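J.: Input sequences plus hints: build the corresponding full structure.
Going by numbering that gives the first Met the number 0, the first residue of the sequence shown is number 0, and it counts up by one from there.
Heads up, a few of these hints could be off.
Here are the simulated DMTMM-like cross-link-like pairs (lysine to aspartate or glutamate), alpha carbons at most 25 angstroms apart as the crow flies [said to hold, decoys possible]:
no., residue 1, residue 2
1, Lys367, Asp428
2, Lys184, Asp94
3, Lys379, Asp517
4, Lys458, Asp139
5, Lys367, Asp124
Restraint ranges, calculated between C-beta atoms of paired labels, are given here [unchecked claim]:
no., residue 1, residue 2, range
6, Lys216, Gln371, 26 to 36 angstroms
7, Thr273, Arg460, 29 to 39 angstroms
8, Leu237, Gln371, 47 to 57 angstroms
9, Leu194, Glu247, 11 to 21 angstroms
10, Thr273, Asn123, 19 to 29 angstroms
Don't read these hints as lab results, they were simulated from the structure. What you are looking at is a predicted structure, and each value in this text was computed from that prediction instead of being measured. Cβ coordinates follow ideal geometry from the N, Cα and C atoms, glycine included.
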Amino acid sequence: MKSRQALLSGAATFALSSALSLATLGAAPAKAERLADVATADAAAPDAAPDANTVDDLLVTARRRSEDVQNVPVAVTVLGGAALQRADQIRTANDITNAVPNASASATDGRTRPRWFLRGVGTNDTGANTVSPIGIYNDDVYINNVYLQGFPLFDVDHVEVLRGPQGTLWGKNTTGGAVHIISRKPDLDGANGWLKLGYGDYDSKLAQGAINIPLVKDKLAARLSASHDERGGYVTNLYDGGKRGAYEDEAIRLLVRAQPVEALDLTFNVHARTLRSDKRVSNYYPDLLQTGPYNSGYADPPGRDTINQAENAVENLDSVGGSFIANWSLGDYTLTSISAYEQGQRLLTGGAAIPVPNALTYATANAKQTTQELRLSSPKDQPLSWIVGAYLFDEDLRAASTDGVVADIPTTVVGRKPRAYHTAPYRQDTRAYALFASGTYQINDRFNVTGGLRWSSEKKRMHLRDLTATGTVTFSDPARWYLPSSVNAPLRVNYDQTDSDTWREVTYDVTPQVKLTDHVSGYFRFAHGFRAGGFAVSGQNTIN
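T.: Put into structure tokens, the structure is as follows:
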């Protein structure tokens, strides 16, 4: 039986916002203010010292063109790359919310699946096919899959966090806001680089760095950046005496920038990540007699440094991607093309959180996405400046969740289960299109109005199979018990479903802005955002 979830129905979200664009970047905690202040110097010259009088030099791309943050009528927080580089507590993309007001992105599994929230808008559903209402962009490329959104943060120019619906220029599922992380681009003029090393508790090691190499003066340069972040286990497992909670996270990025002629600017981006980690310790069972296990997914209980569980769960992630960005000046106009590909594979194994091997789990997800965006923009110093564009998104997601019991358990042990096997593989294909336009009309020296319009269409198709072993279950290959070919028992097909649907919406925004003084402006923004619907796999493993 098929039904639609209201949460994923793609219903419109509205927001009203007004603000004074002052010399600070918003009312933020002290930590955020320090990071934002440094961003002023970082944006213009990443290695420059902070200067409180250079606010006018802070350029952002919140409206898809380079503008002074003082003149942008959008609720935006900007974090500078040099400050982020010095902040040891910010290691992954979702860590930036530690310095952003009204934002959070907890990741209870460890270093993947962040739950993004801005102004209270987000989702706690982190299934492989769930779409967040917060759009995550890395170097102008939208990252859809939740497993790929917690990537390591290193060699960053700056970060822009936009609040509220971004239904026009950043319209891919951004009913709550957008986060744009911009890497340091290659410098065509000279060689430079940096290196950061760290060591801490639990054998924690950090090594990050970058080197910029000009290949042809003023024409071609390359920038290679890398990050290695690891930590040893911090919890003792009484079951086998080992340590749990370790991880090793490595990433590399190569940027090549070419400017063969003055009117053409090309950037090639290739990047990869490898994560090997223990699944985050989520339950503390010192013994079987303890009731009410402690859950450290949100807060570690004081003094708890031991567990007693049979299975050593792991979370592994491999991702690779690339993009090609071209900016071509056509007289006074600029044509921008952004072509990108991202792929990621995630494996999560688990089992019993008690000292008895009574259950095992094995979950996989493989996502491949291709995106293409074209934009044509007019000069921004005209009475009417505008941007028009088109967007294409295509994703192939294949995932499976398998659980079973592979060993006989004595009947006297708490939590006994008979040997069993169950798997639910599915595939979801998504294709989305959008056309958009945004313009700003300068009525006079102090007053302007911005308006935008976007048409979006998104189609999803899902196929799900649900299988259960019947009768007496044994496994021909216990080490690879999760494969159907290892199960020595008939497999019953509980469900074999295919479903598809299409969601379409027209979104818009209207923003009048008035310049009160040279450093103070006020604006009112009315925006309509759109998030496409989707399919959820229920507790009975049926498509909803």
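J.: Hint by hint, note whether the structure agrees.
T.: Each hint, compared with the structure:
1. Taking the CA atoms of Lys367 and Asp428, the gap is about 10 angstroms. The hint holds against a cut of 25 angstroms.
2. The hinted pair formed by Lys184 and Asp94 meets the criterion: a straight-line CA distance of about 22 angstroms does not exceed 25 angstroms.
3. Restraint check for Lys379 and Asp517: the C-alpha separation of about 19 angstroms stays at or below 25 angstroms, so the hint holds.
4. About 23 angstroms separates the Cα atoms of Lys458 and Asp139, which keeps this hinted pair within 25 angstroms; it holds.
5. Proposed proximity of Lys367 and Asp124 is supported: the alpha carbons are some 20 angstroms apart, at most 25 angstroms.
6. Take Lys216 and Gln371: their Cβ atoms lie about 32 angstroms apart, and the range 26 to 36 angstroms holds.
7. Evaluation of the 29 to 39 angstroms hint for Thr273 and Arg460 yields a pass: the beta carbon distance comes to about 31 angstroms.
8. Evaluation of the 47 to 57 angstroms hint for Leu237 and Gln371 yields a pass: the beta carbon distance comes to about 53 angstroms.
9. At about 19 angstroms, the beta-carbon gap between Leu194 and Glu247 stays in the expected band of 11 to 21 angstroms.
10. Hint check: Thr273 to Asn123, Cβ distance near 27 angstroms, so the stated range 19 to 29 angstroms holds.
Violation of the numbered hints given earlier is absent; every hint is satisfied by the structure.
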